[in-house]
Structures are given as structure tokens and as C-alpha cells.
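A.B. asks: The primary structure of each chain is shown beneath.
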Amino acid sequence: MSQTQSVIAPTALKTKLSVDRVSMVFERDGKQTDVLDDIDLEVGDGEFVCLLGPSGCGKTTLLNAMAGFLSPTSGEIRVDGEIVRKPDPRRIFVFQERGVFPWLTVEGNIGFGLSKLPRAEREKRIAHYVKMVGLQGFEKTYPQELSGGMKQRLEVARALAVNPDMLLLDEPFGALDSITRLIMRGELLRIWEAERKTIIFVTHDIDEAVQLADRVVVMSARPATIQQIVNIDVPHPRDISSQRYLQLRDGIFQQIGLAHKL
Amino acid sequence: MNGFSQPGRVERVFWPILATALLLALWCYSVRWSGTRVFPSPVEVERGLAELLRHHVLWGDIVDSLRRVAYGYGAAVAIGVPLGLTLGWYPAANQVVNPVMQILRPISPIAWIPVAIIFFGVGDDAAVFLIFLGSFFPIVVAAINGVSSVPAVYRHAGRNFGLTPPQLLAKVLFPAALPQILVGLRIALGIAWLVVVAAEMIAVDSGLGYLVIDSRNSGKRYDLVVAAILLIGVIGLVLDVLFRRLEKLRSVRWGFRFES
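Keeping their order, the protein sequence lines are chains R and W. So in my numbering, spot 193 of the first sequence is number 228, and the numbers just go up one at a time. So in my numbering, spot 71 of the second sequence is number 236, and the numbers just go up one at a time.
The following block holds chain W by itself, in its conformation from the complex:
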């Protein structure tokens, strides 16, 4: 047996920290050795981050980005899940809308930016719309697949106990499809976080995406650019970790495989 197969408590913390430290060191020395004057070292980035915090602009940007994601993603969940459940439940309806969906689905939300600006002008609404578009399709598709792959025994059992179709949808198909729907929701949340940054670079003048592009445009402050990028990564990670906790809820756990 080697030490990596079953990491203990200490190893589980130690090795990731060591890997991160090595990466930071590599970054630091690369900047120094190459003698670049444009790309910042970790220390400069840390100073930039402190500067942003001191001027109290950072929290506003974070809150703006999260708010846009909450609206766009929230709308996608609120519309996408019921729609997907219905389409999965009525395969005939699914066949009607499926071609349109399959065409719209692979289009990057970024491509919609000009369209979004025509519809909503430059502002929050355009960004929210783009986030909605980006997260809507994975959610709908996950819900459709979730419902249509519910084993026939569950449907039969539900009907046997005298459930009406709406009850069957609420009490059998939805809970049976929920693990798969959660997977779709998690992917969609990741996409929403990608899209908000892109949308903020073009359609609005606040948020983390705007911070990136604004730091570059106003005086080539690459220390701030990299600080914002790292922050985007960390917040994305936090969102994902929080979401994963949902998968451990006891009523959906059966649908996921966990190690050990």
C-alpha cells in the first residue's frame, strides 16, 4: 500500500497546501527570472488585493456579480426544472421542442451579447439574461433525462397506489429524478459563474468581470487583474463546494456514489 491510496486527516490537508505553495513559488520565481515588468508576482497581487479592500470597491463588485447570478440562475431553475419535468413526462411534447432546443443549446451565451444589449440595453438586465440563457439548457436537459430514466417500477407503484398524474409527477417522478436534476443544476451553476464574468466585461460597469477589464484599461494594473481572476476562481470553488453539500442530503444520496 502506498500513502496516497487512503490519505489520513493530516495528509489530506498537508499535500494540497504543499502543492499550492509550490505553485506559488514557481509563479514567484518565474516572474523574477523572466524579469517581466507587466505580469505581477504573488506579492504584488496580494498588495493589489489589499488595496482594493481598502478602497471598499471589492465587496460591491462581489455582491453585484453574485446578485446577477442569483437572478439569472434563479430564473433558469424556476422555469427550467418544471419545463424539463413536463417535457420528460410528455415525450410527444419533447419531440416538438427538441429540434429547437438542440440548435439553441450549443450556442455560447457569449454569442448572445449583442442580442442581449439590443433587447435590454447596457445594464444589469442584459447580464442577467445571458446568465439565464447559459444555465437554462443544462437544467432543462437534466430534468428531461431525469424523468425519462425513472424506472418503470416506480411509476407503476405510484399508479398502483391511486396517484393522479400531477401527484405522480410530484411524489414519484420528481424525487426519483432529483439526483440527476441536481447534477444538471450544479453544471449550470458553474456555467452561470463563467458567463457573469464575460457579461460584465461588456454589458455593465460593475462586478468582478468589470474589475478585470477596468483594471487593465485604466493604467494596465495587472496586479489587480490577477487579483480579480484569483477571486473569481475562489468564489466559483466556494459555490461548487456549497452545492455539493446538497448531494449529501439523505433523500437524494441514493442517486450518488460516494467514495467509502
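Just chain R, with the same shape it has in the complex:
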């Protein structure tokens, strides 16, 4: 295999997030379940990393721990050298489109995290992000009347509006139809290239991971360990029929243990 395997972020980037020997054990009805087993990972500033693994493998749990919603049973997660103990507006978690507030309009949702700003500044920001995610004309619309893709863009806009350093996306496009999903991937890359946030993106879709990420973190089944980290050294916009792309994708297919050639 020609993939470079490294736990350390490319040296050119300053380390943004470090996961240090993190394990997670859930206890329910007296029964213990190991969810994460000794995870080590470093993510550079402005990097786009995909956590890839089968459903229920614990990748969402890891993302929740990075956000500060869960604390690891052992080990530490640091952001900018600071241990993560609770959620923080500097790193915003994006749920599937279920996360938008149905009682607020598009404007209200985007402005949700901006109540501390002066009114004029807030309105400027809202207008900026409405435009960025292409929701002009829907400012006064309630989420109920938006399509799934629009709700998803709205949630991304709400996250970006508070100017976080990091976005943590949990299978954000999982509920969308395949065409909308393709469009949304392009949109996300465009936004990422414009804003250069650090992005951690959880997915179980191999193609999605290879299309988007700088590095793909392949996780095993539960208890999740990191099986391999694959550098995707194909420049954007990616030609998804190029030799290198296919080679990387097939490598991951094999790695994840799916019988690719049935």
C-alpha cells in the first residue's frame, strides 16, 4: 500500500485538536460496553478530517466527546492545548437537519448564537450567512416549510455564524437524497475553502469520506480503535474517476473489511 499512515497531523499545520489515549465505557443496567478503545489522533488547524466506520462503531461517541457533550472514561481531548470539559461555541456540533429550531425563522436560527452582538452587526452576519448557504428569500420562513437540504444548509449557517474554529459534523447529509447529498458536499467544500475552519466529519459513506477529507480515519467495529489513517493526496476539485482516487477508495474498502469484489 502506498498510503501514508500517520497519527500526527501534517507538520505544516499547527495542532488544533488532540485526542490522547481516549477510551469510553458505557454502563447500562449494570452491563458495561466498551465503545472507544485507546484512541489517539491529532488534527491540524484548518484540516478536514473524516471519521469513517460502520454504523454503531462509536464514531459519533468520539465526536460527542470532542464537542464536550460526553467526557471520556479515560484519556484526554484537548483543543488548542486546553482540555475539553464542556460544550463551547468555538466548536459547533452540527446534527442532521433535526438540529434546527422549528420555532424560529431562518433568520432567527442563524442569529441564535449572536444575541450578544449589537443589532446592526448581528443583522449583517445573518445576511452574510443567509447568502453563503443560498437561502436568500427564505429569511422569514420557518424550517417546517424548508426541504431537507435547505434545513441542513440552515444548520451549517447557524454554526458558522458564531465564527467557530471547528465544526463537528455528525453524518450531516445522511438523511438527504443522493443528488442533494452530492450538491451539499460541494457546498461544504466551497465553504471550507472560504472559511478554513477545522472540520471533523463523521460518515459511514466511503465515497463521501474520500471526496471530502484531507485525511480519512478508518475506525474498526466496536470497541472502536483507529484501524488506519489515509491521506487523500488528491487536490480539490477531485476527479472521482482518476487513478489515484480509485486506488485510495479501494484501499479503504478493503481496509474496512467489506467484500468489495463479491
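These are computed hints drawn from the structure, not numbers from a lab. Source: prediction; values computed, not measured. Think of the CB as a built atom: it goes at the ideal place given N, C-alpha and C, for glycine as much as any other residue.
Ranges between beta-carbon positions, derived for each pair:
#1 R:ARG113 - W:ALA257: 31 to 37 Å
#2 R:LYS121 - W:GLY398: 52 to 58 Å
#3 W:PRO316 - R:SER150: 19 to 25 Å
#4 W:PHE421 - R:ASN198: 32 to 38 Å
#5 R:GLY91 - W:PHE421: 30 to 36 Å
#6 R:ARG154 - W:ILE378: 57 to 63 Å
#7 W:THR251 - R:HIS163: 36 to 42 Å
#8 W:THR251 - R:PHE288: 48 to 54 Å
#9 W:VAL318 - R:PRO89: 18 to 24 Å
#10 R:ALA256 - W:PRO247: 43 to 49 Å
#11 R:LYS66 - W:LEU407: 50 to 56 Å
#12 W:ILE400 - R:ILE214: 51 to 57 Å
#13 W:PRO316 - R:SER277: 37 to 43 Å
Using the hints provided, position chain W relative to the given structure of chain R.
C.D. replies: Frame of chain R; chain W shown alone:
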């Protein structure tokens, strides 16, 4: 397709009017055929209503009843909603008060009438207290359920944006629970209107409930009794229709299912 599945504008008005007219006719002929001298016909009731209006007693009674409901129900909303939100927010506190609430909740407010009279004497306060009791529990329970069924993603999102617990309650949990709270408020308003009539029959000497019992006691004026009963029904309906309009507000609409 039959004509009832998608009623047009005309049908929507026509059929209910026809049904009402048929019911009135049935009532009218039943009175005539049975030859009763006690129960009034619709025409007599209409005359009774006109008589009440002429003597200017009706408005006073309506206003008195509505005022008692406004006080009792208003107090139940003002105390019940914040209390329910808090109890839903702190499940530990809810566990402490839940047994007491579950015992008090199924007691008909009517059973409290003697107690209310001991506390407040015969008068407005006793009636207001009974209305408060009747509407308080459905409101508290709706608020508790509303808050505890708010999806975790909304709480997480709120915390992620750096909200303090009071802000989270005001900006996320309350609006998320509001549709369910409105359902409780509407049920409670219906109960309040039931209770005021009962309370007025015993604890005070004005209002629509008093009108019913007084018309019977002073000369068996059953035309006035039935007139008052119908009026109670109509006002109850108006209250409910007005309340339902709240459910169509855009910020709570998402929590309700409307046909089409």
C-alpha cells in the same frame, strides 16, 4: 369520491346549519308531542332569553362568570407554567412532588367546594379558588411533559451555543415545549368553564351558574334555565375557538398537525 370528504365553502356552512335546524325541530316537536308543561320549547327559551336581556341581568352574569374564570385560570397559568417548566427541568424535584400531585389531580374541583367555603367564605374568592384548582393540574402536567419530551438535540444545540441554564430554559426548552403546553392550557380553559358554573351554583349569587339554579328555585322558570344552559355552551365554544387560533401562530404551528 363522496361529497363529505372535501367539503366546499357552501357545504361547510350548509350542513352544520341544517343539522342544528333539525335538532331544534326535533326538540320543538318532542315538547309538543309529549305535552310537557315543565320543559320549554325553543320558542319559549328564545322569549326567556329576550326577557333576560330586557331586564339587563344577563350581561352582568356573563361578565361575572368570565371575570372569575379570568382570575382563577390566570393564576393557574401564572403559577402552573413556570412550576411545570421547573419540575420538567429538574426530574429530581419532580419525583419529590409527583406523588402528592398524582393524588390531588384526580379529585374533582367540585369536591373542594366545602373546603373552599371554609377558607374563603361564600363569595367570589371561593369560586376563583375552585377554578384555579381545576385548571392548575392539567397546566402543570402539560408543562412537565412538554419540557421532558424536548429532543436532546435541541438541548445540546442550546448548550453548544453557550447558553446558561436560565437562558436554555427561556430560549430552548420553553419554545420547544410550547405546543404541548398550549394543549394543556386549552384543556384547562375548558375545565375552568365547567367549574365556574358549578361553583356559582353553590358559592356565590351571580353568574351564569347562579342564573341556572336561581331560575329553577324562584318559580321553576325552566325557559330561563335552558336559556342559561345554552348560553353557557355558546360561550364555552367561543372561548375554545379563540384559543385554537393561538395554535396557528407561526412559532408554534410546527407542533400541531392541521388538515391539508
